[in-house]
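**Student:** Each chain, letter by letter, is given below.
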Amino acid sequence: MAQPALTRTGPGRSLWSGVLLGIGFMAAVDEIVFHQILAWHHFYDRSTPAVSLLSDGLLHASELVALVAGMFMMADLLRSRAFVPLFFWAGLFLGLAAFQLFDGVVDHKVLQLHQVRYGVPILLYDLAWNLAGLALLLIGALLWRRASRRRRAGP
Amino acid sequence: MAAGQPEAASGALMHAGHGMGTPSGPGADLPLLLPWGLLLAAAMLYGGLATRQVRAGRGWPAARSIWFALGSLLLAVAFSPALTELAHADVRAHMAQHLLTGMFAPLALALAWPLTLLLRNLPVQLARRLMGWLHAPPLRLLTSPVTALLLNVGGLSLLYLTPLYALMLHRPLVHGLVQFHVFAAGLLYTVVVAGIEPVVARAPFALRVAVLLLGTAAHATLAKLLYAGWWPHGTGNPPGQLQQAAKLMYSWGDLAEMLLAVLVFWGWYVRRGRAQARARGSAGQNRAVTSPGR
Chain G
1 MAQPALTRTG PGRSLWSGVL LGIGFMAAVD EIVFHQILAW HHFYDRSTPA
51 VSLLSDGLLH ASELVALVAG MFMMADLLRS RAFVPLFFWA GLFLGLAAFQ
101 LFDGVVDHKV LQLHQVRYGV PILLYDLAWN LAGLALLLIG ALLWRRASRR
151 RRAGP
Chain P
156 MAAGQPEAAS GALMHAGHGM GTPSGPGADL PLLLPWGLLL AAAMLYGGLA
206 TRQVRAGRGW PAARSIWFAL GSLLLAVAFS PALTELAHAD VRAHMAQHLL
256 TGMFAPLALA LAWPLTLLLR NLPVQLARRL MGWLHAPPLR LLTSPVTALL
306 LNVGGLSLLY LTPLYALMLH RPLVHGLVQF HVFAAGLLYT VVVAGIEPVV
356 ARAPFALRVA VLLLGTAAHA TLAKLLYAGW WPHGTGNPPG QLQQAAKLMY
406 SWGDLAEMLL AVLVFWGWYV RRGRAQARAR GSAGQNRAVT SPGR
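Quick mapping for you: the protein sequence lines, in order, are chains G and P. Here the first sequence is numbered in our numbering, starting from 1 and rising by one per residue. Here the second sequence is numbered in our numbering, starting from 156 and rising by one per residue.
Isolated chain P, as found in the complex (with noise of 0.2 Å):
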């Protein structure tokens, strides 16, 4: 009964006009439940990653977990067969999906450092052998804030300014594709624009601030775009939904970059406060005899 809700939803879809063949009969869900399959795995990784680090006495700071439990939730309600479902015929959902999967679960996920966990995880060689990949020149490149916002931004335009949406709506395939897209982009440009981990090869501050004002530029560009009814033919969806849709784009992603922001910025502040307290413990024995009220 349950697994026949969302094929009788698809039915009431189908009719409201895209045309898309909905896969239907048994096994048909399945697909559907893949992300969280994977998404069930990941967490169960990475719980076990961080217990093993506290057992070890190392050490696992408990709110990069908290962190993790949330995006895997941000994406778990995103990857729901149900939003799914409704994406494919309502715009409005599909862009509180991508809000979701490209920005929202990827700011707690950087904040959890999986990269860094793995990493300690791993036997000193191999992980060695990792940081050496991931500083060599081919995956400096892809870590650069430039390509993670080419990614990000050019992926975004091609789904929204060509037929891919349209395409998308009828090939589950290219839908997935486009939707780990979504988030891998957006989790890279995350990443490395907030410059959280350490064992990804920081960029200069300035080029991570440059990159944050013309991803965000680029973010309030085309859902402004989106709204004055650039979005490709095809897809069946009324105009005010699309207008929605922008706006949500529009304002959502504004506090989604503003959190990025935060987060840039706080990087800064710790990292100037640690120089600040080397100058004054590297100073401290002049001082306390110069200028002893200061």
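Extracted from the complex, chain G is given alone in its bound form (with noise of 0.2 Å):
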């Protein structure tokens, strides 16, 4: 019994069309909520080298090519009638904790481009910060294996 090519490839890429959705969207909450309105911590900090610069603009770039990638990805599954809501779902989790947890590792520790805040102890910060995408992760591989068993059990 072989499955039509379409829903053949539609758990995959309800999948990805999640992941980049999510992805763009935490960063664009990260810039529009933190940097712009709280002002906790600036696209640009002075003692941040260029090429820390050119890095955090192809992150800027990825976002907003992320977030239209993925509604257009999401548009043809949904055209084709192949859009999985559960495992669009799933991804759309597991791409907010990628961004959160990249965000709050890579950058803020690793790379040291900015910290969530300024001028207070930082600690409790980064532990809320990080342990919200732990819970965003965690959501996000919860539903990604209820989609797999649904899936193997058939519709």
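Source of the hints: derived by calculation from the structure; they are not laboratory data. Glycine residues also receive a C-beta, built at the ideal position from the N, C-alpha and C atoms. Every clue listed holds true.
On the chain G side, residues computed to face chain P include the following (Cβ under 10 Å):
1. D56
2. L58
3. V65
4. V68
5. M71
6. F72
7. M73
8. R79
Put the two chains together into one complex, using the hints given.
**Tutor:** See below:
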């Protein structure tokens, strides 16, 4: 019993459209809420070398392109009736978690581009930031497991 | 009286301190009006060619003409003598001009398919020869997304990270050339990255997305460098003004790049839909037998 080609690629592509939108959405939330509204950290920190600036620019560009790409991928899946919502939601939470943890671990700690906030004890902020990322990762993993089980069990 | 207005304004600007020699006297406004003249000529040509297509029964989508009108309007605002005068003194006005000529007007004009319209109106022999040139190695190299990216980002870096910007304020000819380059490079970049006009050989999707990423990143990075004060000295602009200009470049540039990204992926969506329709069409008879419900 061969499945039609379009539904066979549906779950994986639904997952990836969710991942793209999750990364783009969390990056946008970071920029809008923390950079611009709260102004806890800024898009430019004077002590940051030019190379980090370019990496920040690449991250920013990826965020914009990921949002647009994810939306068109989702539209394409909906059009061909290959969209699998549960895989999409799993991907979305995994994408949200991926950005949050990348920002919290690589940007804040490894590269030290910026911190969550300045002039306050940073440990609690870092813990809140990365635990939120872990929680999102857990939700995404659980959704993914449920989606895979449901798919193996058949519709 | 109307002609006296910009002169009075420029006098005040000179007083404000970048010390450039603004040409004055009869005919001084002519160079400022030259872009408007060229724009009017282009609009008349486009309108005439589009009308010819419709009259000949071959049709020309109204949406494309509307995009052309919008693009021309944005350019007319960007090249207005008032904004040009203001841009010499206020770097925020310069940035608005840059965003209009280099990003937003090209987006609208690319959607107007001007090259396709031109080729459709030419005699077949000449159109074929032009197509041959477009697909020959030298022009193919020019219309590669990588070249367009280099011309675009390279030009901007030269303008902002060298004394070129200061020079431009003193030399009307340099100013004109820079404006033309910003517009031409912006239009080329938009057309080849979006892959809009089929008469230009369309680059691979992955390459266009990669160029889009790099271009967006470079634009955002340049804006941050300007914000940080890497701007060349000698322009006499107060730092607060420069930072506001950099923020304009950052946020409005983002919007333009995002619209370009929409064009890139919209093209992907349309072509994918056609491919799926073709696949369904050829597999139609088989599927009607094996899976009637779906």
